[in-house]
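Required output: the full structure, derived from the provided sequences and hints.
2 protein chains.
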Amino acid sequence: MTVLNAPVDFSGYMTERAKRRQKSPLKSLIKYIFMPDMVSLGGGCSKSTSEDGVEEGDLLVLTREGQKESSVEPLDRLLQYGGGLGIKSMMDFFTQHMEQIHSPKYEGWSIVPSVGSTDALGKAIDLFANEGDPILVAEWTYPTAIETIHQIGLEFVTVQIDSEGMIPSSLDHVCTNWSGSSPLRLIYVIPTGQNPTGATMSLSRRTEFYKVCQKHDLIIIEDDPYYFLQFANIPVVDSVQETQQLFPQLPGIHNLVPSLLSLDTDGRVIRLDTFSKLLAPNLRYGWITAQFPLIEKIMFHNENSVQQPSGFTQGLSSKLLTECWGPSGFLEHVLFLQKEYLVRRNALVSSIQKHVGNMVSLTIPTSGMFVWLKINLSPSQLATPGIMDQIFESMVSHNVLLVPGCMFSPVSDNNLVKDEPYLRAAFSYTTLDQLEDSAIRLAAALSSFGLSK
Amino acid sequence: MTVLNAPVDFSGYMTERAKRRQKSPLKSLIKYIFMPDMVSLGGGCSKSTSEDGVEEGDLLVLTREGQKESSVEPLDRLLQYGGGLGIKSMMDFFTQHMEQIHSPKYEGWSIVPSVGSTDALGKAIDLFANEGDPILVAEWTYPTAIETIHQIGLEFVTVQIDSEGMIPSSLDHVCTNWSGSSPLRLIYVIPTGQNPTGATMSLSRRTEFYKVCQKHDLIIIEDDPYYFLQFANIPVVDSVQETQQLFPQLPGIHNLVPSLLSLDTDGRVIRLDTFSKLLAPNLRYGWITAQFPLIEKIMFHNENSVQQPSGFTQGLSSKLLTECWGPSGFLEHVLFLQKEYLVRRNALVSSIQKHVGNMVSLTIPTSGMFVWLKINLSPSQLATPGIMDQIFESMVSHNVLLVPGCMFSPVSDNNLVKDEPYLRAAFSYTTLDQLEDSAIRLAAALSSFGLSK
Numbered sequence: 001m002t003v004l005n006a007p008v009d010f011s012g013y014m015t016e017r018a019k020r021r022q023k024s025p026l027k028s029l030i031k032y033i034f035m036p037d038m039v040s041l042g043g044g045c046s047k048s049t050s051e052d053g054v055e056e057g058d059l060l061v062l063t064r065e066g067q068k069e070s071s072v073e074p075l076d077r078l079l080q081y082g083g084g085l086g087i088k089s090m091m092d093f094f095t096q097h098m099e100q101i102h103s104p105k106y107e108g109w110s111i112v113p114s115v116g117s118t119d120a121l122g123k124a125i126d127l128f129a130n131e132g133d134p135i136l137v138a139e140w141t142y143p144t145a146i147e148t149i150h151q152i153g154l155e156f157v158t159v160q161i162d163s164e165g166m167i168p169s170s171l172d173h174v175c176t177n178w179s180g181s182s183p184l185r186l187i188y189v190i191p192t193g194q195n196p197t198g199a200t201m202s203l204s205r206r207t208e209f210y211k212v213c214q215k216h217d218l219i220i221i222e223d224d225p226y227y228f229l230q231f232a233n234i235p236v237v238d239s240v241q242e243t244q245q246l247f248p249q250l251p252g253i254h255n256l257v258p259s260l261l262s263l264d265t266d267g268r269v270i271r272l273d274t275f276s277k278l279l280a281p282n283l284r285y286g287w288i289t290a291q292f293p294l295i296e297k298i299m300f301h302n303e304n305s306v307q308q309p310s311g312f313t314q315g316l317s318s319k320l321l322t323e324c325w326g327p328s329g330f331l332e333h334v335l336f337l338q339k340e341y342l343v344r345r346n347a348l349v350s351s352i353q354k355h356v357g358n359m360v361s362l363t364i365p366t367s368g369m370f371v372w373l374k375i376n377l378s379p380s381q382l383a384t385p386g387i388m389d390q391i392f393e394s395m396v397s398h399n400v401l402l403v404p405g406c407m408f409s410p411v412s413d414n415n416l417v418k419d420e421p422y423l424r425a426a427f428s429y430t431t432l433d434q435l436e437d438s439a440i441r442l443a444a445a446l447s448s449f450g451l452s453k
Numbered sequence: 001m002t003v004l005n006a007p008v009d010f011s012g013y014m015t016e017r018a019k020r021r022q023k024s025p026l027k028s029l030i031k032y033i034f035m036p037d038m039v040s041l042g043g044g045c046s047k048s049t050s051e052d053g054v055e056e057g058d059l060l061v062l063t064r065e066g067q068k069e070s071s072v073e074p075l076d077r078l079l080q081y082g083g084g085l086g087i088k089s090m091m092d093f094f095t096q097h098m099e100q101i102h103s104p105k106y107e108g109w110s111i112v113p114s115v116g117s118t119d120a121l122g123k124a125i126d127l128f129a130n131e132g133d134p135i136l137v138a139e140w141t142y143p144t145a146i147e148t149i150h151q152i153g154l155e156f157v158t159v160q161i162d163s164e165g166m167i168p169s170s171l172d173h174v175c176t177n178w179s180g181s182s183p184l185r186l187i188y189v190i191p192t193g194q195n196p197t198g199a200t201m202s203l204s205r206r207t208e209f210y211k212v213c214q215k216h217d218l219i220i221i222e223d224d225p226y227y228f229l230q231f232a233n234i235p236v237v238d239s240v241q242e243t244q245q246l247f248p249q250l251p252g253i254h255n256l257v258p259s260l261l262s263l264d265t266d267g268r269v270i271r272l273d274t275f276s277k278l279l280a281p282n283l284r285y286g287w288i289t290a291q292f293p294l295i296e297k298i299m300f301h302n303e304n305s306v307q308q309p310s311g312f313t314q315g316l317s318s319k320l321l322t323e324c325w326g327p328s329g330f331l332e333h334v335l336f337l338q339k340e341y342l343v344r345r346n347a348l349v350s351s352i353q354k355h356v357g358n359m360v361s362l363t364i365p366t367s368g369m370f371v372w373l374k375i376n377l378s379p380s381q382l383a384t385p386g387i388m389d390q391i392f393e394s395m396v397s398h399n400v401l402l403v404p405g406c407m408f409s410p411v412s413d414n415n416l417v418k419d420e421p422y423l424r425a426a427f428s429y430t431t432l433d434q435l436e437d438s439a440i441r442l443a444a445a446l447s448s449f450g451l452s453k
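Protein sequence lines, in the order shown, are assigned to chains A and B.
Using the UniProt record's numbering, the letters of the first sequence map in sequence onto residues 1 to 453.
Using the UniProt record's numbering, the letters of the second sequence map in sequence onto residues 1 to 453.
Please keep in mind that the hints were generated in silico from the structure rather than gathered at the bench.
You can take every hint at face value.
No copy labels: a pair is met if it fits in one copy or bridges any two.
Think about it this way: if two alpha-carbon atoms lie no more than 20 Å apart in a straight line, the pair counts; the simulated PhoX-like pairs of lysine-lysine are:
{"hint": "1", "residue 1": "K105", "residue 2": "K211"}
{"hint": "2", "residue 1": "K418", "residue 2": "K374"}
{"hint": "3", "residue 1": "K27", "residue 2": "K88"}
{"hint": "4", "residue 1": "K418", "residue 2": "K23"}
Right, dumping it as structure tokens:
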């Protein structure tokens, strides 16, 4: 049996805000409420609508107290106050899920639910960064993360990325040469199907990246919404039929690239998971995994902000995951998603190869929902101010919309990045026919710039 | 027709954080997505589980696209990303509701949903206060608000309260004599059924309070979860039957004390509403009403934190409020709650009057779910350090739990308040039998201190 290490103690790095996050004094009374024979006028619990029987039949079929055997909490419990954690059936699900999929390598990891990874990101940052402090991010990254970090007031420090994501030597270089007044402490990374580049870190890249983070004592915020949307090494083929024949090579849940959390022996990874790409974005339900002292602070932060995800959302998710699906149903659902997205990736990439050809360069994404295109502009075009505005207008006039690269830059002076020759294409939502159409239209939009296949 | 004023411009008071909250640049692309004939590879929307038909029948009866006429958004829409506002049917409901119930008195008020009033409080504070800034609060107030404000790092400045809530002359005195380095800008108030004192501000108290807030240019955070739990002037009577005969005097939704928002001509009130006491606490769904420039900043804050309440929660709430209930059903539900809480208030207060008598003093609450008891200790008992610990232990040994007053104090040095002779009794959740039992047990617990009825 493997003996696991205790995690590194990062409490000395915490913000004063984080240090103030403590158990509510009122919680010390809870033990009295549950004493036998105790009559409590202590709690401010309120009547919930479930108790006057309004929804039954009208709205919702979930479990009511004593109605039937179920691992899902009854409606009365789901709708009552519940602190910063959430319902037990889902906490058990998360624990088993993380053990099975990521098997963390240190003693004392823990989980807290979130209302989605954007809120989770803010809470992870709140642990360690004050306004004005720096954070390491990829040179192209997720706009909502950029906006969230910007609004909190951190300084972006960028790391170069390639087709495998953040480049460890670039990270090492940036950290080694850092001369800011606050130390580099936090790094934000999307390791799988990175938004917007689609890049997925290989295992060796992850290992090397983690070592550099250890060297510079960085705490890693691993934002991994696309983790299950992996396609392994399945090639791009032209037709849906050919793609379908490759389905048996899909990784399911067993042959996925290991997460950074699963390589983390120090407890320096704060991993953000979400149901957004797994069930539905507007569930507003995710979970955070890290060493307990950090998770506990986030739980206290939850108790003084969102409390916990909506009881309906938790109950419905629990019903789906623990009763309707179970482990085999979850695998089946992941495979369903992998098939859906693989078909779309192949449709888009093969259409681009066929119709757009050498007007762009791309790396075939092995995960996620994005293809990152570099437009092969001539040196003189690249030196033309406003060239990307022109290309955008050309796309609009050809009725095709891809997102210009500059939208993904954390650099605050837009003039420095607005003519970077990149476009992000998302293949998650458009129909298969539209995917091919979009490539044809993109080719037309670019050909007016003298580019050719 | 009344001409309404434009609100006062408070933008000069905003924090740098609030000023940074802006529309995401990516949102500028949305207009292109909706152009006719446009094929978009722009959005990062994902497949949602609703599209593979898993929940239908198993879990949830809501509306699916094209299924039938409904004002509630279809499931596909509910489960997709939707920005910082939320679904239209609920935004329409909130607007009509606020117009009907509060009828704001200035031009350009607006609404944004919240995931509950605790999160809303943090976001309202974030607009105007930095760490270290002061905030005015009642000398006894809601523990989760205390904890939230403490963790954010504000300094508490207390205002005295009586049986009608915050005392305007005390507020005026505190503001006039303020000598802190940052100006007093924010005041947090629970005007109806205050937690923990049960105090409800009368109309004249509200008017006077608002004038003092105007005088000192304070922005008012009106946290009003118990607004609909008003009992007007219905007296305490002994039996449930007698109470039932008084039900016709309940205010319903038409004879409620006006909110501070409804008196606000300047746009200086940020009103927090929630479904927690109206439908169920763990819905995690509320709404914030204030002048548009403040609401817009909170919407941007939502977009970079919680996004919006869970789609399930919004959809189920919309189904309930706009389809199942409608206006008459809402009134009926409010009356149901007022009846439930009135019966409980009368049961508890009459039991205390009968069994505890002059051992305590209390003001009969005209709203909410709390009774605030002052224990009539002798001067020498009041001068005994640890007296309230002894009373707490006596309560526990008599199997009755009320919350000691010190738990509701924002004063950080617990020694200064721990022997204040107050107890909060909540009558929201205990059964009627238990309410009488609790009074009998409390009497026994207190009688061992030489107190008598």
